[in-house]
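S.K.: The primary structure of each chain is shown beneath.
Protein chains: 4
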Amino acid sequence: MTSQPTTVPTPAAATAPPDYATPIPTRWVGPLRITGNAAAGEVHVPLATYETPLWPSVARGARLSRLIEDGIKVTLVDERMTRSVLLEAPDAETAYTAALAIHARTTELREVTRRSSRFAELLTVRHEITGPLLFVRFEFSTGDASGHNMATLAADHLLTHLLTHIPDISYGSISGNYCTDKKATAINGILGRGKNATAEIHIPQSLVTGRLRTTAAKIARLNVHKNLIGTLLAGGIRSANAHYANMLLALYLATGQDAANIVEGSQGVTYADDRDGDLYFSCTLPNLIVGTIGNGKTLPSVDDALTRLGCREDRPSGDNTRRLAAITAATVLCGELSLMAAQTNPGELMQAHTRIERSTGSPA
Amino acid sequence: MTSQPTTVPTPAAATAPPDYATPIPTRWVGPLRITGNAAAGEVHVPLATYETPLWPSVARGARLSRLIEDGIKVTLVDERMTRSVLLEAPDAETAYTAALAIHARTTELREVTRRSSRFAELLTVRHEITGPLLFVRFEFSTGDASGHNMATLAADHLLTHLLTHIPDISYGSISGNYCTDKKATAINGILGRGKNATAEIHIPQSLVTGRLRTTAAKIARLNVHKNLIGTLLAGGIRSANAHYANMLLALYLATGQDAANIVEGSQGVTYADDRDGDLYFSCTLPNLIVGTIGNGKTLPSVDDALTRLGCREDRPSGDNTRRLAAITAATVLCGELSLMAAQTNPGELMQAHTRIERSTGSPA
Amino acid sequence: MTSQPTTVPTPAAATAPPDYATPIPTRWVGPLRITGNAAAGEVHVPLATYETPLWPSVARGARLSRLIEDGIKVTLVDERMTRSVLLEAPDAETAYTAALAIHARTTELREVTRRSSRFAELLTVRHEITGPLLFVRFEFSTGDASGHNMATLAADHLLTHLLTHIPDISYGSISGNYCTDKKATAINGILGRGKNATAEIHIPQSLVTGRLRTTAAKIARLNVHKNLIGTLLAGGIRSANAHYANMLLALYLATGQDAANIVEGSQGVTYADDRDGDLYFSCTLPNLIVGTIGNGKTLPSVDDALTRLGCREDRPSGDNTRRLAAITAATVLCGELSLMAAQTNPGELMQAHTRIERSTGSPA
Amino acid sequence: MTSQPTTVPTPAAATAPPDYATPIPTRWVGPLRITGNAAAGEVHVPLATYETPLWPSVARGARLSRLIEDGIKVTLVDERMTRSVLLEAPDAETAYTAALAIHARTTELREVTRRSSRFAELLTVRHEITGPLLFVRFEFSTGDASGHNMATLAADHLLTHLLTHIPDISYGSISGNYCTDKKATAINGILGRGKNATAEIHIPQSLVTGRLRTTAAKIARLNVHKNLIGTLLAGGIRSANAHYANMLLALYLATGQDAANIVEGSQGVTYADDRDGDLYFSCTLPNLIVGTIGNGKTLPSVDDALTRLGCREDRPSGDNTRRLAAITAATVLCGELSLMAAQTNPGELMQAHTRIERSTGSPA
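Chains as they are written, first to last, in our numbering: chain G, 1 to 364; chain W, 1 to 364; chain P, 1 to 364; chain X, 1 to 364.
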């Protein structure tokens, strides 16, 4: 079961091979120095992108990380993959009775989940009732897989089981959008989906000045004005950052991830604190979806990338993917820090762009 | 000026070439039949993705479009690219005075914009004041470019101009996140950013039954329960669809777009109506960011794809890109319709997945 | 402890009596017929409002409820009151260690809660980490009180306890806005705060036509277009209704509630279904905050209102307030149904307004 | 036309008088010192609330305002009242044609508006298309009225006019929830609805220490952690404050406003800046809906309150209401500042509450 959970094939077309491969320019940038509870050491990272100024941007953050003893510390605080099914009842009273019955069968549902896959484990069942509609959200651990498909397969078994055993409910949908996959919502951050990781760095004042050409106070202030207040005024939802999506896309493509998950991955919070001139800077990514096995992970370029990242080692189930999550969060921090520093200085961004333009002879 | 607007390079790294290219499996699917105010005719579309079940999913929608005289009609209703700058004042009173002064200089700002690029045209200036902060949002037309960089360059000139001519304000940021780029917010849909397009199709009852194996009533009901109510309960923001992000990502990668823009692109609304057994089905994408010139568009595979899509013709400025926007919206509709139809039938999704799994020998 | 949790008095002013009372025009409307798991029977409801057309609007729904055997069925599915505290750590790693330590002390925290009040019971502890910040959300049952103050008092004790026993964290705030009180957010609906109740009614076709002068299909369609899609496009968050805030405000004022809680109370979802010409109509209020004891409940007019509503009976702890929640949800349904029916007919709303204007001689 | 826009009466009930008045405890607090473009001088404010600790809380801010020469400066930056109608077309193409035709008739629509009321003036027409649905948002100036009813009446005339003159569209709803009234959304802040006002104060360090018992740094930090980040994590929408809803409710009730508008009124942004030890503190309320004429404003207690507030003077149309808006924003600042200061100090909030409890002999 490796296919993408939200599409439906027809048999004939399913077997068709690709016509060709679209080549995405890729550079290994780094190394980054990483510490924390999921990865440690120095590692280069592959960034596949058409937006090649991303490479020097991340590289600047990476160089900085090596000048600091702990480098970028990544703390992984949660992990789970989810799928919500939708059940219909004749009314809310019946939906509520069904919800109680479902929760009473949790042990049994764990067993059904195990039978669907040897890696999936049902962690929690949640529900929400709206009128006669009953949304049931299953949360799973999925080993080293990002787990979309494992969760969908398990949900399919669970749904069939519920429709067989719980009276007075009927099929609504295998996915009720209460999961939520590839949509920017609040629920994933609040209840958890994917890895929840914080990358953080403490930068002495001398490096803030010397390497980032700015001050801790300026970065902290810009973070409040731009990422927190600017995004708020734009009507953002659970998000405050400059450009997480750029780094996520590039690393996702290079490592065979389902890059459509940058939609929810892009929802994260940058925090900057002026600590007596030193800079504390962190990127929290509550909805970081990555895997090291499953769909796309056996393609040679992907396999090579994962191997070089140290995510093909013989480790306990889940640890290779936790390492990849840590590397991803650290990479996001490098690019975010670099851009935020640049934006504290009027004109720096455009001057850098103009330099690249000249050096590469790109047309205007 | 072809570089990505939200990253900062250093000179040395900027000139470095890619190490290699990450190959993304790509298939041309179709043809789709398209009508409307920006494109007409039948066209195959290239989908670059690791999630290959997307191909047959879109193909099913494409086949259906050819059985209907008008096919998929796409109506383009707006286009603009934006960048917001952030200015700081000592207090709100001063910020307000500055805002009035800025609006009074609109003609002059149009001229500054023209000097920054021969394609950029300043359409509108908007602002919002919060405490002493003044966010100014510039809206531009940008010809055939998606316009991120053109808008950033113009904003840089405009910002310098404002800082020179408007008293009592100081630099806050070249981007105040009120633009909004690659973040899911409400402002882009409400004020406009990128193309705003609706793709729609009228499917006779016989085809709904015969080709989609469902009914108009079932699809309309699922759309309300899953896309509208499910996303709402998940805490979504201006979004109600099943999986726009998947189709956008695949087409963006194949055509050299900045695929991080799927974040806001994924915010759109699916609408389904049971019209006496026939199905009206539409996908509205208010934040669709595409271009046919600019960064990444000269790579051979991208250039080939754009040529084959008919987006390299000798047309009035902007028309090639409008055509691409229409094709993109139609492609989104194909995949969305196919998945929604599948989800009306219990088990269909997993059965299809299992078929693919067997046929391709993929591991579980 | 009866005071409002989010204000701070100074001693001198605290003892000052009111200067006078602002009189809010109040009518008892009904009776409504109610069934369900928290209230049953027929009951008039008091509506205190300057917007007096609300009275006949609710009255129309109430009359309809009496023509149906089950009337309005209200199902209460959850109840809890929350307060979040904010703790600061030097970094995310320490915040995570602290979070684990806090969860390990849950039993002890339950005991601390009990010592703070004889009615408060700690149900659940949740947390979220962002950078070095640790938000801890306590969920309580609070008997017949709405529980703002009880939760604040308990949180104050819990916070002191945590600061004493958990190393390396410091005080951030007694309230971290992650609760969330009197702000429209997604968290309350997802995690629960106040009562979560659905009011629903099944109306035969003859009554839909005869009493509401519309059809089930028209109401269902309007609900999708206006409440679901219209609110979505406006950038709403977890909300889809026409005017819950109006009914909540009027009933809250008449029964001594803290009416600022209509902010989150107004976030609810109206659902309408055409069932072969009959109408299923429901209002789900996930964040309904009411109490029958505590601040303001001993004022004579409030005490009278609660007594007349049957919410001063000798019942198990919490049941009087559950009854009030059910009555409130049913009242919301009456007003919502009435307005939705009116808006299906062009001109009906304004004609009704003009009639009132003439009959009362109100100035333009 | 004084009635509430979102309810429908029946003739019999419409003439019924209130049964009685619910008395809300009210105190005049202050005076506040106010400057700015809509009000100047010192003024007491009436606060009607069951949550009486609000009085000393606002009083503390008021006392502070009198120790500063400029007091609280309020800058009013925008005003308008809105109503959106919903039109249905057979498809998006037709909806788009209709939208263009509507904009082409703007002059004519201005005339229709004038005929509906001598105070209403049509400022702008906006639209959004989703599938076959056309939402048209009318923005009006409404003199001294808050303008709900004036806008609804004008929209009713405009809607009839459009249905008569624009081909191929049909009635959807007199209100499409794209207005948006009494719902927390993003559109009101972005496009404007009600008054948009910022209240701000500069407090010297000595007063921050002496009167607020805190520091500018502590308040600025708490504002970032609690109001900005805490609300963000809770899934808030365009909102970052501690308790605007409390002050708005109390002042709205005392002055005869439609207090259900605190729902959107509560969406505002508190900003605090440490300026070398001095505190800059502001409250921005982008959706502040107030009026001095219209429904409820002729009740004796309301009329007295408005007179005493200086909002019954002989001024150009709109100025009395602008004054009321300024007073309201300043009152919000007083309560917000007071609470924020208290929450910087562990235990202060509960100690104050306990003092009140003892002094008033309130039961637990």
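No lab work stands behind these hints, which were simulated from the structure alone.
Every value quoted in this text rests on a predicted model; they were computed, and no experiment measured them.
C-beta atoms are modelled at their ideal positions from N, C-alpha and C, and glycine is treated no differently.
Worth double-checking, as some hints may not be accurate.
Claimed, not checked - Stretches of chain W that chain X covers, calculated by requiring three or more beta carbons in the stretch to come under 8 Å of a beta carbon on chain X:
#1 123–131
#2 156–168
#3 245–258
#4 340–347
As the list claims (entries may be wrong) - In the SDA-like style, the derived pairs of lysine to any residue whose C-alpha atoms are separated by at most 25 Å in a straight line are:
#5 K218/G <-> R118/W
#6 K218/X <-> D168/G
#7 K218/X <-> S170/G
#8 K218/P <-> N37/P
#9 K218/G <-> P90/G
#10 K218/W <-> E121/G
#11 K218/W <-> Q205/W
#12 K218/W <-> I68/G
#13 K218/X <-> L207/X
#14 K218/G <-> R275/X
#15 K218/P <-> A40/P
#16 K218/W <-> S206/G
#17 K218/G <-> P90/X
#18 K218/P <-> L299/P
#19 K218/W <-> S206/W
#20 K218/G <-> T214/X
#21 K218/G <-> P204/W
#22 K218/P <-> P90/X
#23 K218/W <-> K218/G
#24 K218/W <-> P204/W
#25 K218/P <-> H157/P
#26 K218/G <-> S206/G
#27 K218/X <-> D276/P
#28 K218/X <-> P204/X
S.K.: Going straight from one Cα to the other, do K218/X and S170/G come out at no more than 25 Å?
M.R.: Roughly 55 Å separates the two Cα atoms, so the pair is violated.
S.K.: Given the hinted pair K218/P and H157/P, is their Cα-Cα distance within 25 Å?
M.R.: The given pair, whose Cα atoms are some 53 Å apart, is violated under the 25 Å limit.
S.K.: Please work out if K218/G and S206/G have their alpha carbons no farther apart than 25 Å.
M.R.: holds (14 Å)
S.K.: Given the hint that K218/G pairs with R118/W, test it: the Cα-Cα distance must not exceed 25 Å.
M.R.: Since the Cα atoms of K218/G and R118/W sit roughly 34 Å apart, the hinted pair is violated (cutoff 25 Å).
S.K.: Below or equal to 25 Å on CA atoms is what counts here, so check K218/G against P90/G.
M.R.: violated (58 Å)
S.K.: Hint check: K218/P vs A40/P, CA-CA at most 25 Å. Holds or violated?
M.R.: violated (30 Å)
S.K.: Is the hinted pair K218/X and L207/X satisfied, with a Cα-Cα distance of at most 25 Å?
M.R.: Given that 25 Å is the threshold and the Cα spacing comes to 14 Å, the pair holds.
S.K.: Confirm or reject the coverage of the stretch 340–347 of chain W by chain X under the rule of 3 or more residues with a beta carbon closer than 8 Å to the chain's beta carbons.
M.R.: Result for this restraint: violated, n = 0.
S.K.: Taking only the CA atoms, is the gap from K218/W to Q205/W under or equal to 25 Å?
M.R.: Roughly 12 Å separates the two Cα atoms, so the pair holds.
S.K.: CA of K218/G to CA of P204/W, is that 25 Å or under?
M.R.: It is violated: about 61 Å lies between the C-alpha atoms, which goes past 25 Å.
S.K.: Decide if the proposed pair is consistent with the structure: K218/G and R275/X, CA atoms, cutoff 25 Å inclusive.
M.R.: holds (14 Å)
S.K.: Please work out if K218/G and T214/X have their alpha carbons no farther apart than 25 Å.
M.R.: holds (24 Å)
In terms of the numbered hints stated before, the structure departs from hints 2, 3, 4, 5, 6, 7, 8, 9, 10, 12, 15, 16, 17, 18, 21, 23, 25 and 27, listed from lowest to highest.
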